[in-house]
Amino acid sequence: MKTKIGVIAIQGDVAEHVIALEKALVGSGEKGEVVKIKQRGIVGACDAIVIPGGESTTIGRLIEREGILPELKGAANAEKPILGTCAGLVLLANEGDEEVVKTKQPLLGLMDVKVKRNAFGRQRESFETLLKLTIFETPFHAVFIRAPAIIQASDDVTVLATFDGHIVAAKQRNTIALSFHPELTEDRRIHHYFLDLVNKLCR
Amino acid sequence: MVIEIEDLRHGTELLKNGFASLQKGGVIMDVTNADQAKIAEEAGAIAVMALHAVPADIRKAGGVARMADPVVISEIVDTVTIPVMAKCRIGHFVEAEILEALGVDMIDESEVLTPVDTHHVDKRRFTVPFVCGARSLGEALRRIEEGAAMVRTKGEAGTGDVKEAVRHMKLIMGEIRSLKGKDDEELKDVAKELQVSIETVQETAKLQRLPVVNFAAGGVATPADAALMMQLGADGVFVGSGIFKSSVPEKMASAVVDAVNSYDDPKRLAAISKGLGSPMKGIEVSTLAEEEMLQVRGW
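Protein chains in written order, with the numbering used here: chain A, 917 to 1119; chain B, 430 to 728.
It should be emphasised that the hints constitute simulated quantities derived from the structure, not laboratory data.
For clarity, every value in this text was computed on a predicted model and none was experimentally measured.
Any given hint could turn out to be false.
To be verified - Only part of the chain B face toward chain A is listed, based on derived beta-carbon distances under 10 angstroms: (1) GLY440; (2) LYS445; (3) GLY473; (4) THR508; (5) ILE511; (6) GLU628; (7) THR629; (8) ASN690; (9) ASP694; (10) LEU698; (11) ARG726.
As the list claims (entries may be wrong) - Taking lysine to any residue pairs in the SDA-like style, the calculated list, with each CA pair at most 20 angstroms apart, reads: (12) A/LYS920 to A/TYR1109; (13) B/LYS467 to A/LEU1023; (14) B/LYS696 to A/ARG981; (15) A/LYS952 to A/PRO986; (16) B/LYS467 to A/PRO1022; (17) B/LYS703 to A/GLU982; (18) B/LYS680 to A/GLU980; (19) A/LYS1018 to B/LYS696; (20) A/LYS1018 to B/ASP464; (21) A/LYS952 to B/MET659; (22) A/LYS952 to B/GLN660; (23) A/LYS1018 to B/GLU504; (24) A/LYS920 to A/LEU1023; (25) A/LYS1048 to B/LYS703; (26) A/LYS1048 to B/ASP507; (27) A/LYS1048 to B/GLU504.
Think of the CB as a built atom: it goes at the ideal place given N, C-alpha and C, for glycine as much as any other residue.
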């Protein structure tokens, strides 16, 4: 079966995720297609969804104005895998810190986590590091750019990585949230991991 | 889990270009106080440019235009959760150092302010990324070699006339297209002419786009202007005076954000453009004298 993966294409690292997913598909010898989602009516036809990094306030407001927000909730209810990176992590959360509350940005509430925006500081504090994830044997080159982090998580949430006392990678049911940007480096393990999850569920 | 502290890296090219990359598809708005910054954030701006006056007023005021008062910048930094950018004068590396110390997320080395040197700031030695204006491929590539993580067209700031931004974007895109099919010897001649390395020219020829994110700026005043720049190949849009010199800034701000998302959908653009009040009045660029042009600043 040919899998169809949708990338929310409002703003941010859309092209990078599309390329990473296409390379991961080729690398695993699978048939699949990656589509960009800017308007309502496409999410339902996808087997899995990626919410890229960008500004969560911008992406949140536009998925609401464009009518994509309820479709994403529907996709999650249908157990479709969803990967959120950086801004995507903020949007997946069901609760935000005072910075998130202050912006009145809509959240999807698909994970039982509380998220802190800009958890590590401003751009001058942005960093690269080698991060140990529970799902990989060797560290992952992780790029954190004005990154958010999970500061509270329910027992249903599996922690995949922590950094500086915060959760920076987590999974709940079929939803994966990352503070960092796997689309900005050449290591495709995260995208492969996501595709494996998609394949398991599609079969 | 053990993370060695030496494994932590700040201010790398990947982090700078990565930050710029995350701005793609977004609108960056000029703001002069906390209230305007909030309006921009709520409208869906991806970042704000903190200024003491919008370019239209800087142009009107005349005299030496400098970095904004740190009080204004700090107030805006403390108000919004989205990135805050600010402008330094071309070549004024101390203004840039001050902006970095204030926590500004990206510095615009801008022709809107009065230049202090024919040499631009050495942007590689900073932790925060820079955006610079360009009118041609040569200017764009020279700024990239100096370390700019983002390029924007210069256009003609503070006019509300998008004509020059269109001209600069088309020129840059045309120059990039003309690199196609050239052999290494010919690319070497181009590199010499543009005063950049052969590697940068080869990369641009191969990518068929600038090696960094390329925004439109300088005269964008309406949703249609923003969509036009996106159709011409911009990765995103700066709106300067266009938002807060319009009659209903809240509506104009949201409409420009929506227009950048739906830039290739005329029906949506028609709906977005309805009932926005009056856009900024503006100045037709052709009525400006040569010495009044801001775009000629920078090298």
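Hints and how they fare:
no.	hint	in the structure
1	GLY440	7 angstroms, holds
2	LYS445	8 angstroms, holds
3	GLY473	4 angstroms, holds
4	THR508	9 angstroms, holds
5	ILE511	6 angstroms, holds
6	GLU628	20 angstroms, violated
7	THR629	21 angstroms, violated
8	ASN690	6 angstroms, holds
9	ASP694	8 angstroms, holds
10	LEU698	13 angstroms, violated
11	ARG726	26 angstroms, violated
12	A/LYS920 to A/TYR1109	16 angstroms, holds
13	B/LYS467 to A/LEU1023	19 angstroms, holds
14	B/LYS696 to A/ARG981	16 angstroms, holds
15	A/LYS952 to A/PRO986	17 angstroms, holds
16	B/LYS467 to A/PRO1022	16 angstroms, holds
17	B/LYS703 to A/GLU982	17 angstroms, holds
18	B/LYS680 to A/GLU980	17 angstroms, holds
19	A/LYS1018 to B/LYS696	33 angstroms, violated
20	A/LYS1018 to B/ASP464	13 angstroms, holds
21	A/LYS952 to B/MET659	17 angstroms, holds
22	A/LYS952 to B/GLN660	17 angstroms, holds
23	A/LYS1018 to B/GLU504	15 angstroms, holds
24	A/LYS920 to A/LEU1023	24 angstroms, violated
25	A/LYS1048 to B/LYS703	51 angstroms, violated
26	A/LYS1048 to B/ASP507	33 angstroms, violated
27	A/LYS1048 to B/GLU504	38 angstroms, violated
Hint compliance for this structure: hints 6, 7, 10, 11, 19, 24, 25, 26, 27 are broken, all remaining hints hold.
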